[in-house]
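Colleague: Sequences and hints are given; from them, build the entire structure.
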Amino acid sequence: MTSSRNRWGFPDLGVGVGLRTSHYPHILERKPDVDFFEVLSENYLDTGGRPMHVLEQVADRYPIVMHGVSMSIGSTDPLDREYLGKLKALADRTRALWVSDHLCWTGVAGRNTHDLLPMPYTEEALRHVASRVRAVSDALERPLMLENASTYAEFTASTMTEQEFFGRLMEDADCGMLLDVNNVYVSAFNHGTDPKAYLDAIDPSRVAQYHLAGHTNKGTHIIDTHNDHVIDPVWELYRRSVARTGDVATLLEWDADIPEFEIVHAEARKALAYRSHVNETVRAAS
Amino acid sequence: MQAVVEQPGTVDEAVASGEASALLDPADVGRVVRASATLTPVERVGVYQGMYLLRMVEALQGDYPAVAHFLGDDAFAELVTRYVRAHPSTSYTLNRLGNRFPDFIRESRGLRRRGFLVDLARLEMAVTQVFDAPETPPLTAEAIAAVREDEWPNAVLEPIAALRALSFAHPVNAYLQSVKDDDHDHPAVTRNGTRVVVWRKRFEVWRLDVEEKPFALLQALLKGQPFGKAVARAAEDLKGVGGEPIYRWLRDWVAEGMFAAIRR
Chain F
1 MTSSRNRWGF PDLGVGVGLR TSHYPHILER KPDVDFFEVL SENYLDTGGR
51 PMHVLEQVAD RYPIVMHGVS MSIGSTDPLD REYLGKLKAL ADRTRALWVS
101 DHLCWTGVAG RNTHDLLPMP YTEEALRHVA SRVRAVSDAL ERPLMLENAS
151 TYAEFTASTM TEQEFFGRLM EDADCGMLLD VNNVYVSAFN HGTDPKAYLD
201 AIDPSRVAQY HLAGHTNKGT HIIDTHNDHV IDPVWELYRR SVARTGDVAT
251 LLEWDADIPE FEIVHAEARK ALAYRSHVNE TVRAAS
Chain H
287 MQAVVEQPGT VDEAVASGEA SALLDPADVG RVVRASATLT PVERVGVYQG
337 MYLLRMVEAL QGDYPAVAHF LGDDAFAELV TRYVRAHPST SYTLNRLGNR
387 FPDFIRESRG LRRRGFLVDL ARLEMAVTQV FDAPETPPLT AEAIAAVRED
437 EWPNAVLEPI AALRALSFAH PVNAYLQSVK DDDHDHPAVT RNGTRVVVWR
487 KRFEVWRLDV EEKPFALLQA LLKGQPFGKA VARAAEDLKG VGGEPIYRWL
537 RDWVAEGMFA AIRR
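Line by line, the protein sequences give chains F and H.
Numbering follows this note's numbering, with no gaps: position 56 of the first sequence is 56.
Take any residue in the second sequence, note its place counting from 1, add 286, and you have its number in this note's numbering.
Simulated from the structure, these hints should not be mistaken for laboratory data.
Just so you know, these numbers come straight off a predicted model, no measurement behind them.
Don't be surprised by glycine CBs; every beta carbon is placed ideally from N, CA and C.
Take every hint as true, because none was put in to throw you off.
Just some of the chain H residues that point at chain F, by a computed CB distance under 7 Å:
{"hint": "1", "residue": "GLN288"}
{"hint": "2", "residue": "VAL291"}
{"hint": "3", "residue": "VAL319"}
{"hint": "4", "residue": "THR324"}
{"hint": "5", "residue": "LEU325"}
{"hint": "6", "residue": "ARG330"}
{"hint": "7", "residue": "TYR334"}
{"hint": "8", "residue": "ARG341"}
{"hint": "9", "residue": "THR376"}
{"hint": "10", "residue": "TYR378"}
{"hint": "11", "residue": "PHE417"}
{"hint": "12", "residue": "ASP418"}
{"hint": "13", "residue": "ALA419"}
{"hint": "14", "residue": "PRO420"}
{"hint": "15", "residue": "GLU421"}
Modeller: Take a look at the structure:
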């Protein structure tokens, strides 16, 4: 574990995988050599049963980071204080190194679609989200990391690109970025934009974590399904981004058609080769 | 956008629905959402709309696998579609989405074998509740030994949080087990009163069919009836058989970790 170049001094945890129910027995019995685990926050907020029992054992052995899907930071509904309270309690209990969610909204009028709905990238939305990010960071007593979600639609009202919005949001609200390289690829495909330009516009000092995953290409658009291996173009984008950020904690997500743990872990560990290659290239150049 | 996403049917039907069109004329979707090189604005919103109900069905299928099995994929999806229209998720977690599902089934007139499905859904909801309930350490032998003989009549046994005792008009536990066993020779769906205890022991959820008399004693204890009164009533029910069955029931329940403490 080394320090990376992010401004909070969050460590480079190495290469981790998402903690998933089907892998519980393997992880508890075999204690695999994984650098860290990421947990889906909502799966552990309201349970005193086996999931929490397993998580406590995992947290005793491995570094934990928390990743949520229901903060709805872009919504116009009030922030859910009960949710934030439980999130902080879980972070404290598991000694989570950081907490992340998505730049999106999941519902309004008290309802939750449980989807990561796209934001309009406007000045008004920027002010709104920045104030909410500050409120969340205060409630959690730690900086919030926001992930770029895969998007399938864009609003005509947007006056800036997503990467511009992210850049200004991170400055205004002093939050960090969980940079999902697969999502950059997916959204760029869906919107006909350049994923390299997206990555090159991100302030590398704000990137605290990477996500990688597989997806499903429907021809006309790509769906972020997390059900397969990472495709080569996404690995190449990851290589490009790591060259700017240095080694940053990297996590593989595999959430559907989940194979055996060894396959998921091996896919995650491919990231090590890309990180090493980048480091060798940087050393050779200097 | 949400007004479209939450609608059933095709995305064109969703955009034209009363709820969505009250907010945006279907002809104006292109003024709000950009087209891509391959999809129209409506088709792009349709990507989200198409996934919404699939997500809701998947969540409830996870909580109610036997109800889903009994109805079959299409009928279950249709039931869930109507359910989430009436009770959309209002929580940060999908774990609470199905909290009103048994009541909704009860009110769904015209549903085939509705009484059986209500019972089955109640049992499956109890399994979910027990799975997630807070962990309470079970009663120890030391705690039992510490109760003086003269304290037992007024002692109250406190159950663990992860325990439910339910009575049904149908043999739903047998049906649920046949689904879990992937046994397609399901028990007949007949009216036949059953009682089931659902509890968690060492982080595993267990279900047990219980006869009428021990169930009455267990329910009395769970309701907080003093130990002496509950046992006396059970002995009366047994009509002179003696105390041995009662001792055995209590011993087994304690051994299974169903109780957490004795209040004296």
